[in-house]
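Same order as they appear, the protein sequences are chains A and B.
Numbering-wise, my numbering puts 186 at position 186 of the first sequence, and it's gapless, one number per residue.
One gets my numbering by counting positions in the second sequence from 1 and adding 1000 to each.
These are calculated hints, taken from the structure and not from any lab test.
Please read all numbers here as calculations on a predicted model, not as lab measurements.
Think of the CB as a built atom: it goes at the ideal place given N, C-alpha and C, for glycine as much as any other residue.
One should not assume that every hint holds.
To be verified - On the chain A side, residues computed to face chain B include the following (Cβ under 8 Å): (1) Q14; (2) F187; (3) G338; (4) Q339; (5) C340; (6) G341; (7) W371; (8) Q374; (9) R378; (10) G379; (11) A380.
Stated by the list, open to error - Label pairs and their calculated CB-CB ranges: (12) P1057(B) with Q182(A): 15 to 25 Å; (13) R1050(B) with D145(A): 54 to 64 Å; (14) A1062(B) with R376(A): 15 to 25 Å; (15) A1011(B) with R376(A): 14 to 24 Å; (16) L1017(B) with V155(A): 12 to 22 Å; (17) D385(A) with R1065(B): 54 to 64 Å; (18) R376(A) with L1045(B): 19 to 29 Å; (19) E1020(B) with T141(A): 48 to 58 Å; (20) N150(A) with M1001(B): 25 to 35 Å; (21) R1050(B) with S132(A): 46 to 56 Å; (22) E1013(B) with G222(A): 53 to 63 Å; (23) Y123(A) with L1045(B): 16 to 26 Å.
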Amino acid sequence: MSRMAVSELAPLVQLPRLLAGVRADRAPVSLDEHLDAYGDPPVRHAAGLIDLVEASGLTGRGGAGFPTATKLRAVAAQRGRKFVVANGTEGELLSRKDKALLGLVPHLVLDGAELAAHAVGVYDIIVAVGQSAVHERAALTHALDERTRNGLDDVRFQIAAAPDGFVVGEETALLSWISGGQAKPTFVPPRPFERGMHGRPTLVQNVETLAHLALVARYGPGWFREFGTDAEPGSALVTVSGALAQPGVYEVALGMRVRELIDWAGGATEPVGAYLVGGYFGTWVASADAERAALLGSALAPLGASLGARTIFALPAHICGLVETARLVRYLAGESAGQCGPCLHGLAAIADGFEQLARAERADVPQIARWLEQVRGRGACRHPDGAVRLVASALEVFATEVELHATGRCRGDGRLLLPTGIPG
Amino acid sequence: MKKALRLNPIACEGHGLCAEVLPELISLDDWGYPIVDGKPVPKQLLAHARRAVDVCPTLALALSRARGAGEIKTL
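Pulled out of the complex, with its shape left as it was, chain B reads as follows (with noise of 0.2 Å):
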């Protein structure tokens, strides 16, 4: 199963330490905070991408089940 990261937005508050366990895949924006585009993680990155999730303080950010092309984004 293709895996995605997600961000929580509201709990995010630029601590930043995500990007620089993961830079392949996330930068930060001018105001210290994670872009994460939520496209399917790599097979290669994936454990970096568990070390990404797990050194979040806030726990904002999760590896969860990448969005199906059917599934009903917005309700």
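If we strip away everything but chain A, and leave its shape as in the complex, we get (with noise of 0.2 Å):
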């Protein structure tokens, strides 16, 4: 079983790991590249499979960080028919690393998806990947065939492409949606590992996550622990963008300075003001703070941020927080589900405050502010919780601006960098 690989196999000692097979010409690795580079998957039935991910330390890579080994341990647990579900809808507009994922290296996450099928006592996977994700799916399918081709799995694989959309990721509104209900978060608990697709239990996971459980299998948790820390162990996909000359996803070690990150993307373009950290539900940074920082929940928590959605965005420092932070609330208050009466109208209140602070037009920022309480907390998911999240921090970090809107200037030079998908 996976322990002898670990002997078997020399070992990986180098970053990237989960790119590391990546082809020259971007294509999609096929399955004879895949097992050259990987070998062939560890024995199946791996019943101390779960003991290993508890010891590499494998934490979930789709932004709450759960113990892996946890949650497999919880549906592992339940009777009857049950589910896996391979969460590569990244519906974070910054975020590209779950796509890079299944359209570079797709039999990774499968691999990762039947080990952790197999570890839970599970024969049907669905792999949910967003509707527009196009090529990502193409890459899927032909890999699946591939599989199917070479009697590689005993599982079945079910591709869903799910409706495109903010919140549709959200753990209990994908289950819902795949369930053939609206893409909406559902009232917890039950939590999905009790009654998920279809109401039976069903383990989720991102697909990075299961990438990374692909190689611990094979490698062992060793392996796993040469990069990281003791609490934060292991390598991970961050994507950056913003003002640097090559944005992009990367693979980082955890524990890695954000300012050697920004450094293997080319550096910044231009002056950085401050930073965008863990994506839309994540926080500003002021710039060297950020760049100081490593890249672990315990170094970026105190200044008030997480890795989340593992996103780091340049903002240039001509370019004005509050006007994109207004167009993000925007985005968001747009984005919420409409089930929760705070998040409904408290993100839709709270965006027209931020805009008229943007338009340096007279805002009312203490009320605000005492919204941002109001609202924190009162959704069935964590959506407006993100959102508040979001606001605060850009009301700490870009409290200059805000002095300076509140006499009706403002410094920046109107350019627009962070997607919304909505015009102007």
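From these two lone chains plus the hints, build me the complex, please.
Dropping the structure here:
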């Protein structure tokens, strides 16, 4: 079983790991190439896999960072028919990492999904990808054909083209949609491991988590821990964008400095005022603070930030952070599933107030702050909390701009960089 | 056993009757939706809390066992 594989295979002690086999032409890695690079998937029915995953310290890479082994055990303990859902919907507009994995190394994700399924006693796997991710779905379809032709799988795989949208990737929303309902979050508990897809216990894992799992199964927890820290081991995919020479997806060792990652991305193309860390649910951090920080939850927490969606966006100093944040809040308000009153009405009110602020009209900042307090923690899912975190950090990091706007002035040069899908 | 109020925010339509019945523990936000903190309900307010649950027209409010410290909150 996989413990033997550790001694049989030469250790891979350099990065990248997940993206090690990526082809120069960026075409999806074929099954032959995948097997050449990584060898056959470890023996199935790996009862010890959950122990290996636990020893590795692998945590979910979708944003919440929940210990993967705990989830595996919870689903393994449930009886009857169950499902595995590989979540590759990646609704976060700044993130490309999951699409990169699916489009470049689909077999690594499929190996991980199948290993996880065997570990918890599941024979039906749904790989959920966004409707607009046409290339990634084609890569997956082709990869599954290759596996079928080679008789590799003894589980059923199904690809689901989920509606695009920010909230769809939230696991209860995704499960509701897969089960034939609306792509909207549901009230928990029951949690997916108790009652998920079609009311059956369901393991939902981000596709990057599954890709790591496929490597942990092959090379073992010691190998996984050669990067990262004791508390936050391993490597991680991070999408960097904004005013950088080479934006894109990078695989980093957890604990690496943000500064170093920025250097990997070719450095800044103009002075950076602040970084948006963790995506649209994330936190604005002043550039000097962010660049000094390590890519670790524990290092970002004192800055009020977290790795979150694992995206880092560099905002030029000449662009007004209030204007950009106003656009994001409007976007997030529009992406509310509209089910919970405080999220539906509160985010819209905060977006109105913040737009006034961004336009350097007379804005009631204390009222915005009061609304943030009223909305925090009041949804069935974390959507309102994420929006609140973003706005609160903007008021803090762009405090100078808030004062300037109060006098009717704005230093921004009028450029809009952050994607929202909303014109202007 | 300690009891706590639990609101299903999806079911809640902001009628606000619960806040009228139990103003000690429930206030309304700027849009008329109840703010329920989930802390254990003091013994002397339990009867009022039950009335607040009963008065909700959408069955969004429940009185259930307060969460223990060791319970898994997110999965």
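Can you name, in rising order, the numbers of the hints this structure does not satisfy?
1, 3, 16, 17, 20, 23
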